[in-house]
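Each step along the sequence shown adds one to the number in full-length UniProt numbering, with nothing skipped, and position 191 is 191.
Keep in mind the hints are simulated off the structure, nothing from the lab.
Treat the hints with caution; some may be incorrect.
Each pair of labels, with its calculated beta carbon distance range [said to hold, decoys possible]: (1) GLY107 with TRP333: 36 to 42 Å; (2) GLU214 with ASP447: 36 to 42 Å; (3) SER51 with PRO416: 28 to 34 Å; (4) SER137 with LYS418: 32 to 38 Å; (5) GLY166 with SER239: 45 to 51 Å; (6) SER335 with GLU78: 48 to 54 Å; (7) ASN29 with GLN216: 24 to 30 Å; (8) SER267 with HIS187: 37 to 43 Å; (9) GLU328 with THR391: 44 to 50 Å.
Taking lysine to any residue pairs in the SDA-like style, the calculated list, with each CA pair at most 25 Å apart, reads [what the hints assert, rightly or not]: (10) LYS221 with LEU206; (11) LYS418 with GLU295; (12) LYS77 with PHE162; (13) LYS265 with THR41; (14) LYS265 with SER456; (15) LYS77 with SER115; (16) LYS60 with SER456; (17) LYS418 with MET442; (18) LYS75 with LYS97; (19) LYS60 with ASN235; (20) LYS97 with GLY31; (21) LYS332 with LEU366; (22) LYS75 with LYS360; (23) LYS221 with LEU155; (24) LYS360 with LEU337; (25) LYS97 with ILE5; (26) LYS360 with GLU479; (27) LYS77 with ASP104; (28) LYS77 with CYS232; (29) LYS75 with THR237; (30) LYS77 with GLY31; (31) LYS225 with GLY184; (32) LYS332 with ASN437; (33) LYS75 with GLU479; (34) LYS97 with GLN35; (35) LYS60 with THR41; (36) LYS418 with ILE371; (37) LYS225 with ARG102.
In this text, all values refer to a predicted model and were calculated from it rather than measured experimentally.
C-beta: ideal position from N, C-alpha, C; glycine also.
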Amino acid sequence: MATNISRNDSLWLGIDLGTTSVKVVLVDNGGSVVQSSSCPTAAQVESTAGSLGYEQDPRKILSTVDNLVCPLMMKFKENIRGIGITGQMHGVLMWQKCPNGRVDSLGDLGQFYVSNLYTWQDQRCTPEFLDTLPRASNSHQPVSTGHGCVTIFWLSRNQANFFQDGQFTSCGTIMDFLVSVLCGLDHPVTSDQLAASLGFFNRTNLSWDSVLHENQDFPHKLLPKIVPAGSCVGNVTASLTEWPSGIPVYVGLGDVQCAMYASLKDSCDAAINISTSIQLGFVIPAGSSDRVHHESPPSISFFPYFDGRLLALCAGLNGGNAISHFVECVAKWISDLGFSDSCDSASLMSRLQQLADKSKNDPSILTVHPIFFGERHDTDLCGHITGINATNFRSMGTIFRAVCEGIIDHLQDMVPVKYLQGRGISRLLVSGSVPVNNPIVMRRLIDVYAADVGLSVVVDDESVHAVGSAVGAARVIREYAETC
């Protein structure tokens with residue numbers, strides 16, 4: 001990565017608020033990465049919904065942003081021309097407008113009254129609860145547990161006084177919250193991409209579905225204003241002491257769309273991103289959305305992309321988190337048996353990968369489908385194990401290898417290779433931390449999509465640094481800068 005930047009060079013800052021970490025990049029006018037860094041947020045908190053709830057502390061997330069960005073601002077403050085923000089979709093948080101309109105530091109939001117972030121992994125909304133929700137009048141995709149508007153319905157009905165007494169004035173994704181704080185906005189603004197991820201979004205009118213305004217259970221006045229992706233919505237407020245004021249800030253973007261934007265090079269490309277979750281997507285040519293929608297499996301949803309186009313996307317819930325969950329289970333088994341009370345998951349993951357690598361040439365009929373978290377199109381979907389025998393079940397390496405391979409086999413079940421070929425896809429661009437750091441997953445991708453059917457599988461350059469979404473956000477705002 002180049003660092004010989006002169007005072008007159010233009011740089012664009014991309015920030016990715018991921019599920020487990022924050023990533024930031026600077027790209028130059030040519031779109032090349034000048035500098036990048038990342039840091040875990042450690043933002044997970046206990047949920048009042050117990051094991052069904054997945055909540056995070058937004059203060060920790062914004063504090064991590066501050067710690068990563070401020071050193072870059074000090075070094076390149078004369079060069080940064082715009083800020084693009086992307087991150088985990090679907091999740092929602094509520095907040096009250098800052099009383100005096102001032103925030104001195106992202107690391108100290110003491111004056112903000114803000115809820116937890118209810119993330120996309122939240123499982124509190126059961127199929128039975130979903131059946132009680134109003135039917136969207138003109139929405140283009142079904143809603144699911146973990147979708148922000150669905151979570152708001154649940155909170156309104158199940159937590160007394162949660163929305164009473166005007167304690168909240170706004171709601172949105174974690175990206176919308178960051179944009180609001182950076183710009184000192186009185187009311188939040190979101191993009192069509194993020195609005196679609198929250199649910200009950202009318203793509204035709206670029207608006208919230210009318211049923212949200214008609215239902216007494218829903219606090220619709222909190223909803224953010226919707227603008228097209230790529231819109232500039234404000235400038236960094238002068239009250240942020242370590243951020244240069246006046247830098248344009250663009251509306252929050254979906255991490256999947258930004259990862260695809262950073263990866264996709266041609267109309268024959270599809271992109272696979274595997275980090276906490278797993279996504280496979282491709283851009284639909286203008287004018288063909290109805291036909292593609294009719295011919296697509298139920299795992300495929302359609303999201304706003306850029307310039308009025310749509311992204312056909314399988315957003316699977318079982319990616320790197322499924323592998324991590326298995327490792328956590330092994331650690332708990334060890335602890336339950338009394339052999340260790342402090343088994344480190346990171347060390348255990350490394351050891352399991354070593355054992356799996358040793359067993360990679362051993363023949364095995366063991367198959368694991370590690371579907372721990374259901375899927376949005378089938379919330380009751382469960383995993384399964386087949387092919388157990390006396391030899392393979394005693395080998396921890398063989399079992400772990402099957403778990404890692406299983407997330408790719410499950411992806412192939414949701415999005416068959418023949419479906420991709422029927423859409424004219426001939427190349428798969430792979431990104432994300434999991435295939436970069438887990439050779440078992442990468443080998444399985446090649447075996448499933450390249451060796452047997454002849455698709456080209458290519459590791460995207462940005463995935464080496466696992467900052468693809470942040471790069472996409474920076475490149476998007478660079479392209480849209482003239483509209484600001």
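(request) May I ask which of the numbered hints given earlier this structure violates, with the numbers listed in increasing order? (result) 2, 5, 7, 9, 12, 13, 15, 16, 18, 20, 22, 24, 25, 26, 34
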